Amino acid sequence: KRLFENGNYKYTLDQAEAITNKDGRIPVQLRFVELRLGNMCNLKCRTCNPASSVKWRREYETLMQNLEFVTTYDNSMASYSWPESKKFWSELLEHRGTLETIYINGGEPTLIKRHWDFLRELIRLDSAKEIKLVYSLNMTVLPSFAVDLWRKFSKVEIRSSLDDIGARNHYIRHPASWFDIEKNMLQLRHHDWLDIYVLQTISAYNFLYLGDLEEWCHEYGFKLTHNYVFEPDFLSPKALPLSLRLQTLEKLRTKLPSRLWNPLNSMYGSEEAPTQKPIQFLKYTQSLDASRNERFAQAFPELHALLTDFT
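Just so we're aligned, residue 1 is where the sequence shown starts under this note's numbering, counting upward by one.
These aren't lab readings, by the way, just hints derived from the structure by calculation.
Keep in mind the model is a prediction, meaning the values are calculated, not measured.
Worth double-checking, as some hints may not be accurate.
Claimed, not checked - Pair ranges (Cβ atoms, derived):
1) Gln298 / Asp148: 38 to 44 angstroms
2) Asn293 / Glu68: 38 to 44 angstroms
3) Gly166 / Lys86: 40 to 46 angstroms
All residues carry an ideal CB built from backbone N, CA and C; glycine is no exception.
With these hints in hand, go ahead and build the complete structure from the sequences.
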């Protein structure tokens, strides 16, 4: 991400000196703004937490009580209201003259009504045509007015967070409906001025099945990119036994393009996991299964069978 953004926003020492006052002050000239609009979300993905989804709050309290190895979250910080502040949006609007890109994340941005009002105000002030929007969306919700608003901006990039297909995606990104996701993705596909990507978060859950989402993306012309679970480490692919990772990487070699396979091989093709990590992964999974009335063995039968030695 650092290299990518540095390429997009090249900034030389001469340019920095040119805008720096003699006393060292630098006037604020916002070109790129990343808005993480709180934790209002309609999903509680298994690789997520209360800081990014308010839906997690009660369930995570139970996890913290039952599992000593999970990350502790202060529930007083589990809800964020600043995206509803008129003052914040008014102050951001003052910088519209220099804004080039607004990256809008969440939670789930489509649920944050205030941000839609902000976009309408940029359009009214004739600033939208100079600004690029980049979204991270879970694609379960697509407001009917969204496309009409987006087409007023210079460019719009949609990064769709999908972790697998069908029932497996529903299991990981509970309670996402694959029917709704596919319908919304194919609807956006008809607007060729939209740049649409699929961002798949690689975890211990979907590592064995990565070729399936790549096949789906290829069928419909979506470009697939990868994100990786690092924390908690018991949900990372590194929590899986090395022998299982190596077998999977060999199978994926012919299913994934090299731009996706090479980083996977580099990160997960060596270093045996501590023996407690598969056990922690299974305990965490079983605890959520009990809470959600779901079955890991039903959603991921192959992975479940391969991990039976750790149960």
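Which numbered conditions among the earlier hints are violated in the structure presented, ordered from lowest to highest? 2
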